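Top to bottom, those sequences are chains A and B.
If you're matching positions, the first sequence starts at 1 in this note's numbering and goes up one per residue.
If you're matching positions, the second sequence starts at 1 in this note's numbering and goes up one per residue.
These are computed hints drawn from the structure, not numbers from a lab.
Given the structure is predicted, the values throughout are model-derived calculations rather than measurements.
We treat Cβ as the ideally placed atom computed from N, Cα and C, and that holds for glycine.
Incorrect hints may appear among the rest.
[As the list claims (entries may be wrong)] Quick list of the computed label-pair ranges, beta carbon to beta carbon:
#, chain 1, residue 1, chain 2, residue 2, range
1, B, Glu14, A, Gln54, 20 to 28 Å
2, A, His10, B, Asp52, 40 to 48 Å
3, B, Gly15, A, Glu82, 43 to 51 Å
4, A, Leu114, B, Ala16, 41 to 49 Å
5, B, Asn3, A, Thr102, 18 to 26 Å
6, B, Asp5, A, His10, 44 to 52 Å
7, B, Leu54, A, Leu114, 27 to 35 Å
8, A, Thr102, B, Gly15, 25 to 33 Å
9, B, Glu14, A, Gly40, 41 to 49 Å
10, B, Thr44, A, Gly96, 14 to 22 Å
11, A, Asp62, B, Ala16, 28 to 36 Å
12, A, Gly38, B, Asp5, 36 to 44 Å
13, A, Leu114, B, Val50, 38 to 46 Å
14, B, Glu14, A, Thr18, 31 to 39 Å
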Amino acid sequence: AAGVIQSPRHLIKEKRETATLKCYPIPRHDTVYWYQQGPGQDPQFLISFYEKMQSDKGSIPDRFSAQQFSDYHSELNMSSLELGDSALYFCASSTGLADTDTQYFGPGTRLTVL
Amino acid sequence: GQNIDQPTEMTATEGAIVQINCTYQTSGFNGLFWYQQHAGEAPTFLSYNVLDGLEEKGRFSSFLSRSKGYSYLLLKELQMKDSASYLCAEGQAGTALIFGKGTTLSVSS
C-alpha cells in the first residue's frame, strides 16, 4: 500500500540558511500534519492542513511557514535556521479532519543545522 | 507530552507478555492512540481506543478506561523485533496528537 512520502530524507544546512521540506500524503488523504522530533524527545505537533487550509497550529516558530497545495502535497519552509532546529521532521496524513482519524506517518526528514 | 505519563523504560524476555501503562488528562479527550517507533524511523500506528474496553489485534491489545484517564498496551509472545519505543498519544479537540515521552522496551533472549 502507498505510504506518506517525504523528501529529502536527509538535509544538512548552515545556520541562517533556509530549508524546504516536502510531504506527499497517502492517495485520497486530504489532511496533512507536521511534527518535529528532537533527539530523545517525543514528536511535537507543528501545524496541520485540511483541504489546503490551515486547520490547527501548534508550537511552530514564526520562522517556519507551511502550505498545502492543490494536489494535497505540503511543504514546510524554514528560514533563519538555528542549531536547535536540528531534528527529525515527520509528516503524517489522514482521511479527514476528525481528531479520531488515524494519522499515518512518513519516514521523516532528518535536518542537521551546522 | 506534559499531560501524558508513561514509564520511561521496560525490559522483558522473548516469549513473555508486557503491559505498558499510560495515563492522560481527561478534559478534551477524543481518543487514545498507540504508536511503535524504532530509533530514527517513523512512528507506526498500532491501535486506537475511543470507547472503554479492550481492542485486540493479533499479539497487540490496547485497553482504555475513560473515567480513570488510563490506557495500556499489552504485547504478547514478545519477539526481539518488538524492541522499540512505544508512544501513547492523545487525540484532542482539533487535529493534533499529543504524544507522551514514550516507553523504550528492550526484549532480550
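To see whether the hints hold, each was checked on the structure:
no.	hint	result
1	Glu14(B) with Gln54(A): 20 to 28 Å	46 Å, violated
2	His10(A) with Asp52(B): 40 to 48 Å	43 Å, holds
3	Gly15(B) with Glu82(A): 43 to 51 Å	47 Å, holds
4	Leu114(A) with Ala16(B): 41 to 49 Å	44 Å, holds
5	Asn3(B) with Thr102(A): 18 to 26 Å	20 Å, holds
6	Asp5(B) with His10(A): 44 to 52 Å	33 Å, violated
7	Leu54(B) with Leu114(A): 27 to 35 Å	48 Å, violated
8	Thr102(A) with Gly15(B): 25 to 33 Å	30 Å, holds
9	Glu14(B) with Gly40(A): 41 to 49 Å	26 Å, violated
10	Thr44(B) with Gly96(A): 14 to 22 Å	20 Å, holds
11	Asp62(A) with Ala16(B): 28 to 36 Å	48 Å, violated
12	Gly38(A) with Asp5(B): 36 to 44 Å	20 Å, violated
13	Leu114(A) with Val50(B): 38 to 46 Å	44 Å, holds
14	Glu14(B) with Thr18(A): 31 to 39 Å	48 Å, violated
Hint compliance for this structure: hints 1, 6, 7, 9, 11, 12, 14 are not met, and every other hint is.
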